[in-house]
Amino acid sequence: MTESGEIGPWSSGQSAGRHPQHHPSDALLVGYGAGGLGEGLSLAVALHLAACPECRAALADIQAVGGALLDDLPPEPLERLTLADTLARLDREGCAAPPRRRCRPEEAGTPDLLRPYIGSLAAVPWQRLAPGVRRAELLPRTARGGCAQLLRIAPGTALPHHGHGGLELTLVLAGSFSDELGRYVAGDIAEADGDVRHQPIADSHEECLCLIATEAPLRFTGLMGRLMQPFIGL
Amino acid sequence: MRGIAPSSSSLTTGAAPDDGADPMSCALVAVAQRGDREAFARLFAHFAPRVKSYMLKLGAPPQRAEDLAQDTMLAVWRKAALFDPAKAEAATWVFTIARNLRIDGLRRERHPEVSDEALAEHEDDRPRADALMDGAQRATRLRGALRDLTPEQAQVVHLSFFADLAHPAIAERLNLPLGTVKSRLRLAMGKIRKALGDES
Numbered sequence: 001m002t003e004s005g006e007i008g009p010w011s012s013g014q015s016a017g018r019h020p021q022h023h024p025s026d027a028l029l030v031g032y033g034a035g036g037l038g039e040g041l042s043l044a045v046a047l048h049l050a051a052c053p054e055c056r057a058a059l060a061d062i063q064a065v066g067g068a069l070l071d072d073l074p075p076e077p078l079e080r081l082t083l084a085d086t087l088a089r090l091d092r093e094g095c096a097a098p099p100r101r102r103c104r105p106e107e108a109g110t111p112d113l114l115r116p117y118i119g120s121l122a123a124v125p126w127q128r129l130a131p132g133v134r135r136a137e138l139l140p141r142t143a144r145g146g147c148a149q150l151l152r153i154a155p156g157t158a159l160p161h162h163g164h165g166g167l168e169l170t171l172v173l174a175g176s177f178s179d180e181l182g183r184y185v186a187g188d189i190a191e192a193d194g195d196v197r198h199q200p201i202a203d204s205h206e207e208c209l210c211l212i213a214t215e216a217p218l219r220f221t222g223l224m225g226r227l228m229q230p231f232i233g234l
Numbered sequence: 001m002r003g004i005a006p007s008s009s010s011l012t013t014g015a016a017p018d019d020g021a022d023p024m025s026c027a028l029v030a031v032a033q034r035g036d037r038e039a040f041a042r043l044f045a046h047f048a049p050r051v052k053s054y055m056l057k058l059g060a061p062p063q064r065a066e067d068l069a070q071d072t073m074l075a076v077w078r079k080a081a082l083f084d085p086a087k088a089e090a091a092t093w094v095f096t097i098a099r100n101l102r103i104d105g106l107r108r109e110r111h112p113e114v115s116d117e118a119l120a121e122h123e124d125d126r127p128r129a130d131a132l133m134d135g136a137q138r139a140t141r142l143r144g145a146l147r148d149l150t151p152e153q154a155q156v157v158h159l160s161f162f163a164d165l166a167h168p169a170i171a172e173r174l175n176l177p178l179g180t181v182k183s184r185l186r187l188a189m190g191k192i193r194k195a196l197g198d199e200s
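Note that the protein sequences, when read in sequence, are chains C and L. For what it's worth, the UniProt record's numbering labels the leading residue of the first sequence as 1, then goes sequentially. For what it's worth, the UniProt record's numbering labels the leading residue of the second sequence as 1, then goes sequentially.
Hints listed in this document are in silico derivations from the structure and should not be mistaken for laboratory results. Accuracy of the hints is not assured; some may be wrong.
[Claimed, not checked] So the derived list for chain L, only partly shown, Cβ under 8 Å to chain C, looks like this:
hint: 1; residue: L56
hint: 2; residue: L149
hint: 3; residue: R193
Every residue gets a Cβ at the ideal spot worked out from N, C-alpha and C, and that includes glycine.
Could you put together the complete structure from these sequences and hints?
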């Protein structure tokens, strides 16, 4: 456990046997399947997919669209690339798939998808943001204006009312929160875009652990965006 | 190594593909089961020029596009044992490999995905093709549904796949309200799900 000793059992919410009630929009799922979302947004969607068979089925259809579009592309003549060279590389470099990253014992209980970023949740360096709210950076801001962070919100804490400069996803990992649009528990994803303003409140007896990923629209990716963005994520 | 022993599912569904089976799927299964180089040559001839085309559309310079096409074909060989013809068409599977390599190579980002191992634990991820349609029929109906999209719907679908943009950025590029882009994508996916019999 961590310094404070007040962290709940992180993995409990993941395996409650309950399918999520709050899903990504078709537009968001298409963005994920097509590969048009930044890494932070994709991570939030993937964490939802891990808990949601319905959305995995929808994703399969989207990827089938990707396959059909790939198949229908006009073949581009190859200049230097040859089959012989590709086979030679297989002979030289080996045919086996690269080994999967293995789970270290201290990482058990941390969702698979988070391990490449933080290793174990118990070792995350939390930073106090406001009374009852702690934050840890998961993905620093990328060239596209995306970022992702983990938030721990104490029971009953209300975050300030805020709008969104771009697209903001909140994925609940444990505990729950409510806002004007409903109640969100583990696996649920809240998708806010454009001028949605909301005030999330951690509403259970348990601490709420969530991942927040944002991506600013193109107009925010310049210097102004970099100056503004730290205030948009929260 | 894993590559030598295909999963039981691809053995049972792949060993005796039915007559209408997609030749690319059969070739992938042959690569997985016996390291069949002639089958790989067919996959290469079909997919390498198309993956190059995909990479060019997404902004890769020509030499980079060929490098990424080769990386894709190498991964196709190395991961062939993970391909399950009951779950997806060969083109779909190759698309996901190319997409991930493109994000890694051109954007220096990862594409987080639920691992196959994690999914194997879920009963409800049964092969969906079992339902009513075989793979070939699904492919035909999918292409029909794509042809039936309105030009406006087709445009946002194409930008999603070929412009490396999320929907808010597509709305900006087209100078449309975000809600319009979202509803076009919703309607397009509705048509596709209906054609595939996956309406919820």
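Here's how the hints hold up against the structure:
1. L56: holds, 6 Å
2. L149: violated, 10 Å
3. R193: holds, 6 Å
Violation of the numbered hints given earlier is confined to hint 2; every other hint is satisfied by the structure.
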